[in-house]
Amino acid sequence: MTTSSTNWRKTAEAIAIPLGALLFALVLFGLFCALNGKNPFAVYSLIFRSAFSSWGAFQGTLLRAAPLMLTALCTALPARLGLMIIGNEGALVMGGLGAVMAGLLLSFGSVTPGPEQLQQVSGIPSFFVLFGMAMGAIVAGGIWIAIAGALRHYRAVNETISSLLMNYIAIAIMNQLVGGAIQDPSETIKASSFALPAVNRLTSLPGTRIHYGLLYGIIVCILAYVLIQKTTFGFAARTAGGNVKAARIAGLPVGKLTIIICFLAGSCAGLAGMAEVAAVHGRVNESLIAGYGYTGILVAFVARYNPIACILVAILLGGIISSGGALQRNLDMPDATVLVFQGLVFLVILYSDSLYGRFKIFKEPTPAAPPPPSPSTALPV
Amino acid sequence: MSTDRRIYIPRRQIIRGILATAAFAATTKLSGCADGGTDTGADTQGGADGETLTIGFIYVGAKDDFGWNQAHAEGAAEIAKLPGVKLVEQASVPETKEVQEVMRSMIEQDGAKIIFPTSFGYFNPHVLEMAKQFPDVQFFHCSTLWEEGMPTNVGNYYADTDEGQFIAGRIAAQTSKSGKLGFVAAKPVNPVLRNINGFIMGARSVKPDMKMQVIFTGDWNVPVKEAEATNSLADQGVDVIGVHVDSPKVVIETAEKRGIFSSGYHTNQASLAPKGYLTGTTFHWGQIYKEYVESIKAGKKVADGGIPRILQGSLKEDYIQMAPFGAAVTGEVKTDAEQTQAKIVDGSLVVYTGEIKDNTGKVRIPKGTAYAVNDPALDKVDWLANGVIGSAS
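From first to last, the protein sequence lines stand for chains W and L. Letter by letter, the first sequence follows residues 1 to 381 of the numbering used here. Letter by letter, the second sequence follows residues 1 to 393 of the numbering used here.
Since the hints were derived computationally from the structure, they do not count as laboratory data. Small disclaimer: the values here were computed from a predicted structure and weren't measured. No false leads were slipped in.
No farther apart than 20 Å at their CA atoms in a straight line, the calculated lysine to any residue pairs in the SDA-like style are these: (1) W:Lys190 <-> L:Met150; (2) W:Lys190 <-> L:Trp383; (3) W:Lys190 <-> L:Pro125; (4) L:Lys132 <-> W:Ser204; (5) L:Lys63 <-> W:Asp332; (6) W:Lys190 <-> L:Asn221; (7) W:Lys190 <-> L:Ser391.
Isolated chain W (complex conformation):
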């Protein structure tokens, strides 16, 4: 009885505080618009209409949310273990590289196919090629972040700094590879890898323009939630995240947990890279570096590292991003306006974190003194 009532209040708090923060951010943004001489209500209604009002508009929102769910997990999972990993962008790039190499190998038999090889796509069914690409991405992205985890565990290197710096290394590796070892010589101005054949691309969900990456994102977020909240492995990880000394004393394999969680985190971001490569670009080049990794960090923060909340926050952010264009084109607002909005939302939601546990209404009522036994039940009959 008591537990269920606690859960109810906790859930209400976890919903009410971010929601209140969002409304507060909207008010602040409205003030900002009013200062710029725009009617805030016109702005609000435009944001809503352009992001959520129709199925067509909502597709645009979901499409932008898809990669963010996966890159968010790259920060959210290790955070449960008390690690602050921000190497999402690097893992995404490595995942994209792993995916394109696996895809080219399975499609043409070589990552640098010759003219004859390009003419004949191998007979491997597209499902298996895509599966191979996903595996390539998962392994490449996973190993990338696992390195940061291993450095943390074995050499006590700060994982935040190392994973951030590894972003730049990953981008440099990508530039080196697409400009050399795996370069398509016919792309002279923008160094790129060879393109995947059209049959081995990720298609859109039937009847929509959203690619399957969205499905990957939702499924992986749910799996991550189950893993962290409902399994002994997840319990061990959370315990180690709570108090690493206690976890060690309890005999938990902290090193193993660190590396496995980091691997899983990296593989999520890697998968986002695979979806971008297989569904959007068809090849790897610098267009892959679009900031999804960094935006994912924000999604994870705002979602308070809860994988399910990551889905919702990613959709919210997708909506904000997609309304930015409308603000520019319909209200003649500068292109940075949406950044102001995004920044306000994030800062307010982040700082609202310190409000948890401050509201009486969400507190479990202090259990009153046990009621005096009533005479009827006090005496055994």
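Dock chain L against the given chain W, drawing on the hints supplied.
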């Protein structure tokens, strides 16, 4: 309970906030992940059927970047003045699925019949994909990338800047006292190499012993490295700097601070360096855009050949211009530049006239051969001309 702690914010919280803010700044910086476009109540549904021609412009960065995007935005502003033209513009659109969404909403919501996606990386696959889905819309992309088999409603346009760089190089050589020029460049790819070569060839046509140190920053938009490169060139005694990066702003400003001269690119940067700015090769996209608008208003289409598949030109076509000469350019030098420009326009001077050697001594264009700037042979240039210190690989 703890009323006294109401305004207490834990340190962990502050660190997280700072981290998030930093990450947010990084996002903004790296990607402009910020813009988008599925849209809204359309007040101009199908705007092109009546008198108004709705034209969509998409930029990869800010419209006031003193560089590539500003050059296009200035061109767009020129045609916005024409009667019966309505512009819809969106800036900071990354080269991802995002740009497809932006094109889609410009077409579906704003009724755009013509789209100018101005960044190179938009072309494949994004422009091609949208061109397939909207066969009635015409897409004009700033490149020479169209090939047989691609959607026929896609056209290309491009301006060759070699001739402008040649004139700028002549001005640089006549201004330089140290005899050492510098060049800050993004990547050793064909258009950049050609601009470097044009600059040094112009300089050596005045003083045959001029040397030019080139520094490749490795990327199109890395302000910190661009400033470092400019500083190190200044330290080496270079006194005129040329540039080819996405936004020459940092290079021009740093050169001004160091008290040396600079030659710009893309658009006019004179306001950034009132003392040291000499001139610069600037794109005059407005000219091309005007030609497009005229053809389109006459009912012509690129799909059936009414509009040429590619519009390409240089000084003669007025697709590029020299930025107004700065205060440091003396009367004599000005006259020389104007004369050189006249010779290039009337065809008596061809920049790529053999014999041209690269900086390893190999003959790249033999004696007796001359290439016009739009000659496809020049698209294969992967070398640096004689006099350049640096390597193209």
